[in-house]
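Each chain, written out:
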Amino acid sequence: DTGVSQDPRHKITKRGQNVTFRCDPISEHNRLYWYRQTLGQGPEFLTYFQNEAQLEKSRLLSDRFSAERPKGSFSTLEIQRTEQGDSAMYLCASSLFTGGNSPLHFGNGTRLTVT
Amino acid sequence: AQSVSQHNHHVILSEAASLELGCNYSYGGTVNLFWYVQYPGQHLQLLLKYFSGDPLVKGIKGFEAEFIKSKFSFNLRKPSVQWSDTAEYFCAVNEGGTGNQFYFGTGTSLTVIP
Numbered sequence: 001d002t003g004v005s006q007d008p009r010h011k012i013t014k015r016g017q018n019v020t021f022r023c024d025p026i027s028e029h030n031r032l033y034w035y036r037q038t039l040g041q042g043p044e045f046l047t048y049f050q051n052e053a054q055l056e057k058s059r060l061l062s063d064r065f066s067a068e069r070p071k072g073s074f075s076t077l078e079i080q081r082t083e084q085g086d087s088a089m090y091l092c093a094s095s096l097f098t099g100g101n102s103p104l105h106f107g108n109g110t111r112l113t114v115t
Numbered sequence: 001a002q003s004v005s006q007h008n009h010h011v012i013l014s015e016a017a018s019l020e021l022g023c024n025y026s027y028g029g030t031v032n033l034f035w036y037v038q039y040p041g042q043h044l045q046l047l048l049k050y051f052s053g054d055p056l057v058k059g060i061k062g063f064e065a066e067f068i069k070s071k072f073s074f075n076l077r078k079p080s081v082q083w084s085d086t087a088e089y090f091c092a093v094n095e096g097g098t099g100n101q102f103y104f105g106t107g108t109s110l111t112v113i114p
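Sequence lines, in order, name chains A and B.
Residue numbering for the first sequence follows this note's numbering, starting at 1 and increasing by one per position.
Residue numbering for the second sequence follows this note's numbering, starting at 1 and increasing by one per position.
In case anyone wonders, no lab produced these hints; they're calculated from the structure.
Glycine residues also receive a C-beta, built at the ideal position from the N, C-alpha and C atoms.
Treat the hints with care, as some may be off.
Stated by the list, open to error - Pair ranges (Cβ atoms, derived):
| # | chain 1 | residue 1 | chain 2 | residue 2 | range |
| --- | --- | --- | --- | --- | --- |
| 1 | B | 82 | A | 38 | 41 to 49 Å |
| 2 | B | 45 | A | 7 | 14 to 22 Å |
| 3 | A | 54 | B | 15 | 26 to 34 Å |
| 4 | B | 16 | A | 66 | 48 to 56 Å |
| 5 | A | 28 | B | 16 | 22 to 30 Å |
| 6 | A | 13 | B | 22 | 37 to 45 Å |
| 7 | A | 55 | B | 45 | 42 to 50 Å |
| 8 | B | 17 | A | 63 | 29 to 37 Å |
| 9 | B | 53 | A | 55 | 26 to 34 Å |
| 10 | A | 84 | B | 82 | 19 to 27 Å |
To be verified - So the derived list for chain B, only partly shown, Cβ under 7 Å to chain A, looks like this:
| # | residue |
| --- | --- |
| 11 | 3 |
| 12 | 25 |
| 13 | 39 |
| 14 | 44 |
| 15 | 49 |
| 16 | 83 |
| 17 | 86 |
| 18 | 101 |
| 19 | 107 |
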């Protein structure tokens, strides 16, 4: 178990720029989740995949956010035309779903700062 | 959608004191329940989980939690805290069976004074 890996650890960008984050889940895990966390809050669900299929996306998620998991392994989260309100920690987690009771394994996150 | 409430936002205890952190959720059906911990500078780690069976579950580092279905609660306990327990604690819930979204509480920051 090499753990969930996220890249980069930190990203500073100017408002209006596009950013992309990558997540490599634990290799045998079929589910991959993206969460966002701001100071003083718990992780907020963004979207999740089972293998390469995106099964659910938060209704609160702006159209500027898109995620992919093209081969059912790593995933990318892209934010277009970033805004200052996008500044947050973006967390990736994975699980081996076999029927509903599998815990999430988290990565260290990507901290995004939009200036 | 589920909601998860953690009533204690910040708790300060002396070493050896007992700990209880509250967690309540809103979903009335079958649930899976989790407590995660985030030590300073580290990623979220699973402390313990409840799926079914004995409502008193034991986790790592001496933590335990009790599922009380009638109260929609899953409180975390530890009889005697240590300085190394200083961390952020998050309760999480997902719907049993589908296990899709995980809903998290806002977290409780625990500071243990030596």
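For each hint, the structure was consulted:
1. At about 29 Å, the CB distance of residue 82/B to residue 38/A disagrees with the hint of 41 to 49 Å.
2. The hinted range of 14 to 22 Å is satisfied by residue 45/B and residue 7/A, whose Cβ atoms lie roughly 20 Å apart.
3. For residue 54/A and residue 15/B, the hinted distance range of 26 to 34 Å is not satisfied, since their beta carbons lie about 46 Å from each other.
4. Separated by about 50 Å at the C-beta atoms, residue 16/B and residue 66/A satisfy the suggested range of 48 to 56 Å.
5. For the pair residue 28/A and residue 16/B, the beta carbons lie near 41 Å from each other, so the given range of 22 to 30 Å is not met.
6. Taken as a hint, the range 37 to 45 Å holds for the pair residue 13/A and residue 22/B, whose Cβ atoms sit roughly 38 Å apart.
7. Between residue 55/A and residue 45/B the beta carbon distance is about 25 Å. The supplied range of 42 to 50 Å is therefore violated.
8. The hinted window of 29 to 37 Å between residue 17/B and residue 63/A is violated, with their beta carbons roughly 49 Å apart.
9. The supplied range of 26 to 34 Å is met by residue 53/B and residue 55/A, whose beta-carbon atoms lie about 28 Å from each other.
10. Between residue 84/A and residue 82/B the C-beta distance comes to about 39 Å, which lies outside the given range of 19 to 27 Å.
11. Interface restraint check for residue 3/B: the shortest CB-CB distance to chain A comes to about 11 Å, outside 7 Å, so the restraint is violated.
12. Annotation: interface hint on residue 25/B violated; nearest CB of chain A at approximately 12 Å, more than 7 Å.
13. Evaluation of the residue 39/B hint against chain A yields a violated restraint, the C-beta minimum of about 12 Å exceeding 7 Å.
14. Evaluation of the residue 44/B hint against chain A yields a held restraint, the C-beta minimum of about 4 Å falling below 7 Å.
15. Checking residue 49/B against chain A by beta carbon gives a least distance of about 5 Å; that is within 7 Å, so the hint holds.
16. Interface hint status for residue 83/B: violated, as the beta-carbon distance to the closest one in chain A is roughly 23 Å, over 7 Å.
17. Because the smallest distance between the Cβ of residue 86/B and any Cβ of chain A comes to about 17 Å, over 7 Å, the interface hint for this residue is violated.
18. With 7 Å as the threshold, the beta carbon of residue 101/B comes within range of chain A, its nearest partner Cβ sitting at about 5 Å, so the hint holds.
19. Checking residue 107/B against chain A: minimum C-beta separation of about 5 Å stays under 7 Å; hint holds.
Violated hints, in rising order: 1, 3, 5, 7, 8, 10, 11, 12, 13, 16, 17; the structure is consistent with all others.
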